[in-house]
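> For chain A, the structure is supplied; the task is to place chain B on it using the hints.
2 protein chains.
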Amino acid sequence: MALTKKPVTGMRDIMPEEMEIRDYVIGVIKETYRSFGFHSIETPCVENIENLTSKQGGDNEKLIFKTLKRGEKLNLETAKEENDLVDGGLRYDLTVPLVRYFSNNENNLPAPFKALQVGNVWRADRPQKGRYRQFMQCDIDILGEATNLAEIELILATSTTLGKLGFSDFQIRINDRRILKAMAAYSGFPEDSYDSVFITLDKMDKIGLEGVEAELLEKGFGKESVDKYLGLFKGIEDAEDGLSYLIDTLGSFLEEAVSTSLKEIIASVQATRSAKFELVFDPTLVRGMSYYTGTIFEIAMPQLGIACGGGGRYDKMVGKFTGKDVPACGFSIGFERIILLLMENGYQIPARKEKVAFLLEKGLSGSVLCDVIGQAQKLRSENKQVLLVHMNKNKKFQKEQLTEQGYADIREFYKEALKQ
Amino acid sequence: MALTKKPVTGMRDIMPEEMEIRDYVIGVIKETYRSFGFHSIETPCVENIENLTSKQGGDNEKLIFKTLKRGEKLNLETAKEENDLVDGGLRYDLTVPLVRYFSNNENNLPAPFKALQVGNVWRADRPQKGRYRQFMQCDIDILGEATNLAEIELILATSTTLGKLGFSDFQIRINDRRILKAMAAYSGFPEDSYDSVFITLDKMDKIGLEGVEAELLEKGFGKESVDKYLGLFKGIEDAEDGLSYLIDTLGSFLEEAVSTSLKEIIASVQATRSAKFELVFDPTLVRGMSYYTGTIFEIAMPQLGIACGGGGRYDKMVGKFTGKDVPACGFSIGFERIILLLMENGYQIPARKEKVAFLLEKGLSGSVLCDVIGQAQKLRSENKQVLLVHMNKNKKFQKEQLTEQGYADIREFYKEALKQ
Chain A
338 MALTKKPVTG
348 MRDIMPEEME
358 IRDYVIGVIK
368 ETYRSFGFHS
378 IETPCVENIE
388 NLTSKQGGDN
398 EKLIFKTLKR
408 GEKLNLETAK
418 EENDLVDGGL
428 RYDLTVPLVR
438 YFSNNENNLP
448 APFKALQVGN
458 VWRADRPQKG
468 RYRQFMQCDI
478 DILGEATNLA
488 EIELILATST
498 TLGKLGFSDF
508 QIRINDRRIL
518 KAMAAYSGFP
528 EDSYDSVFIT
538 LDKMDKIGLE
548 GVEAELLEKG
558 FGKESVDKYL
568 GLFKGIEDAE
578 DGLSYLIDTL
588 GSFLEEAVST
598 SLKEIIASVQ
608 ATRSAKFELV
618 FDPTLVRGMS
628 YYTGTIFEIA
638 MPQLGIACGG
648 GGRYDKMVGK
658 FTGKDVPACG
668 FSIGFERIIL
678 LLMENGYQIP
688 ARKEKVAFLL
698 EKGLSGSVLC
708 DVIGQAQKLR
718 SENKQVLLVH
728 MNKNKKFQKE
738 QLTEQGYADI
748 REFYKEALKQ
Chain B
338 MALTKKPVTG
348 MRDIMPEEME
358 IRDYVIGVIK
368 ETYRSFGFHS
378 IETPCVENIE
388 NLTSKQGGDN
398 EKLIFKTLKR
408 GEKLNLETAK
418 EENDLVDGGL
428 RYDLTVPLVR
438 YFSNNENNLP
448 APFKALQVGN
458 VWRADRPQKG
468 RYRQFMQCDI
478 DILGEATNLA
488 EIELILATST
498 TLGKLGFSDF
508 QIRINDRRIL
518 KAMAAYSGFP
528 EDSYDSVFIT
538 LDKMDKIGLE
548 GVEAELLEKG
558 FGKESVDKYL
568 GLFKGIEDAE
578 DGLSYLIDTL
588 GSFLEEAVST
598 SLKEIIASVQ
608 ATRSAKFELV
618 FDPTLVRGMS
628 YYTGTIFEIA
638 MPQLGIACGG
648 GGRYDKMVGK
658 FTGKDVPACG
668 FSIGFERIIL
678 LLMENGYQIP
688 ARKEKVAFLL
698 EKGLSGSVLC
708 DVIGQAQKLR
718 SENKQVLLVH
728 MNKNKKFQKE
738 QLTEQGYADI
748 REFYKEALKQ
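Just so you know, the protein sequences line up as chains A and B, in that order.
Its first residue numbered 338, the first sequence is counted upward by one per residue in the working numbering.
Its first residue numbered 338, the second sequence is counted upward by one per residue in the working numbering.
You may find that some hints are simply not true.
It does not matter which identical chain is meant; a pair holds if it fits inside one copy or across any two.
Below, simulated DSS-like cross-link-like pairs (lysine-lysine); rule was C-alpha separation at most 30 Å, straight line [what the hints assert, rightly or not]:
1) K721 - K690
2) K406 - K392
3) K657 - K699
4) K661 - K730
5) K406 - K342
6) K715 - K600
7) K613 - K690
8) K406 - K343
9) K343 - K399
10) K653 - K343
11) K343 - K661
12) K342 - K399
13) K733 - K661
14) K343 - K417
15) K342 - K657
16) K721 - K752
Note that these hints are calculated values from the structure, not bench results.
Okay, chain A solo, but in the shape it has when bound (with noise of 0.2 Å):
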């Protein structure tokens, strides 16, 4: 019987050219956020049905790989629903795992906690270009630090690590949650309509201000508290300052903790940075998940159009789990983004070993063999990678793939060691 050749739909086998950058960036990644205290930990792939359904991944619930029951807790004939087959599922971020492998080791993890995980997630997503069922996220969390010291610390190390990987120019877009309600309180709007008008606000990207002007109007809010918010907006653009213009305009509709904080994350971050970027106030910044309840950050690179990596903190997840909330602050990077972006500019893996093919003459064998594979051990004792193939009839056009492949130094033997 000939089985099936390719990958479940919407996942996607991965070559050796791309494997080979993927290994390098997650090694580069490991290290540097090593160097900042990060401990890299690891959860299983599944989790308990219950944890990835309590209504902390938003739309993302609708897209779990779910497992199906075994033995003789799956029951075909008793099953009503869906529910009643599975008992797990696959993860569809690194978030919720993470919290719930912080409340079950507590009190054996040092505090604060920091951690960094990168593995695979997987949503069942329509299919469609570049967007994949199983794909890699890299995640940094901070957990038990309610200071600015958690975004500051999470900044510079995604920044310092899209710097090592040879990125420059990008931008650190940087907003809070508080922000954003000040400025949805100070126009008037109501507030169980917030998260209407941010929703609203996310296009402005897209459709401009007079976009997002028409669309608050249609959703029927009131023309005062919408000119009034957008003169927020313009305000912010025309002042030198944008941050302090709107600090100053808010008044008592923001806590100054807030704004403070939010300055100082700024200034230390542009202080110390290590990569050439620029962290930037956007008061247009909303993200999506609704977890956040403080500041939220997006990585914006010049190259794309999207964002390339994002997070903010999440004070109130861990005591969805404990029943003690611990305030918690994440920060992560658009892998397969990255990945994408160093494939298309052709990126070269610095400090490669010198790459040397043994040619070897069909049938050689016995003491000359074991001569041949001897001299291949010293090279590779040496650091260089060493390959050991059989000549095909056609050596040239085989030469020819190798010195493709990047094998510069090709060496051929022989049966006889006269004819070397």
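Leaving out everything else, chain B in the frame of chain A:
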């Protein structure tokens, strides 16, 4: 609602101390195998359910975590059996996915293709100590190499990796399915009962020669065959060169090419190995997987009663997908067992970064904070690991804990620079 803190049944959270070792070991594995010309690849963790239930996986096929169909494809009312509900499953090994990958991408891969895979696999085994339902496998395979160059390279690469991780004085035992069969044929066992004979032989380690004899007789095999069979093993043990004795005795029951090739593998590896280990012929080595067609091998660590990795030649599996056989040979390191051994022996990662901890007085902010972070950034750029944490009330205890975590250099920073 409080959620489940524990990982799903049979799987586990990996703590930072273990992850540090795992990350390091994976680095050494990838680096070493690369120096032998192996290419890192990756396949999706989910495979088409047909591919996982094609009888290539033996008993593992009973242990599959199956994934539920989604959307309209899932119909509870018309579903009569389990297989109507599922369309995918989590891979139970890396070999079936590799063969699918090779069949799918053969035209874009070098020939022969040397693949390296490090990835998780899942088996719904009965939970027991030290055995988990998600675990990591680490396989190298050579596809398209018919000669024993494949075996030699696989064994050298694997043993070199183990040597770099500090293992020595281990054995790699080698045998050939064709020798197993020749021994059974020589003894006069009926051809259709070879597998039953091998299942008994596989217990030699535990029950000894007498035990094997008793079980074979109990199974109803003729006394003459059993005597002849056991005579072979005794003869091998008594001979100075067991393999040569066996070859002489089996005569025309064993193809000469098989024994010549095996002798060459042993001689070449013994002459060129870079780790301190022995490659030895073991006529009692069986290995369970039914897909092996030629050589088989297994790693035996002096510290462990069980195998710590193994592999062999499986020339008939690619044909199952493509209809055209391709010679194939693979070697899998027992990754989880290696990690367990290293952890138990208190393994220390070589050339670790120097660890520095900065203790910050609570409330330290503004330009003083900027300055402290700047100092941390400088040390990080000098390849040090720097942790920034706020001072606890019990500073003495905090410093003790940091020392325990390996922070030899602990510096304190206060709000007013004077206090420094």
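> Now tell me, hint by hint, if it's right for this structure.
A quick look at each hint next to the structure:
1. K721 - K690: both (5 Å within a copy, 25 Å between copies)
2. K406 - K392: both (22 Å within a copy, 22 Å between copies)
3. K657 - K699: between (66 Å within a copy, 28 Å between copies)
4. K661 - K730: between (71 Å within a copy, 21 Å between copies)
5. K406 - K342: both (27 Å within a copy, 20 Å between copies)
6. K715 - K600: between (57 Å within a copy, 23 Å between copies)
7. K613 - K690: The answer is both: 29 Å in one copy and 25 Å across copies each meet 30 Å.
8. K406 - K343: both (26 Å within a copy, 18 Å between copies)
9. K343 - K399: both (25 Å within a copy, 23 Å between copies)
10. K653 - K343: Answer is between; shortest inter-copy Cα gap is 20 Å, intra-copy 42 Å.
11. K343 - K661: between (47 Å within a copy, 17 Å between copies)
12. K342 - K399: both (28 Å within a copy, 22 Å between copies)
13. K733 - K661: Between copies only: 27 Å across, 70 Å inside.
14. K343 - K417: between (33 Å within a copy, 27 Å between copies)
15. K342 - K657: between (43 Å within a copy, 10 Å between copies)
16. K721 - K752: within (24 Å within a copy, 52 Å between copies)
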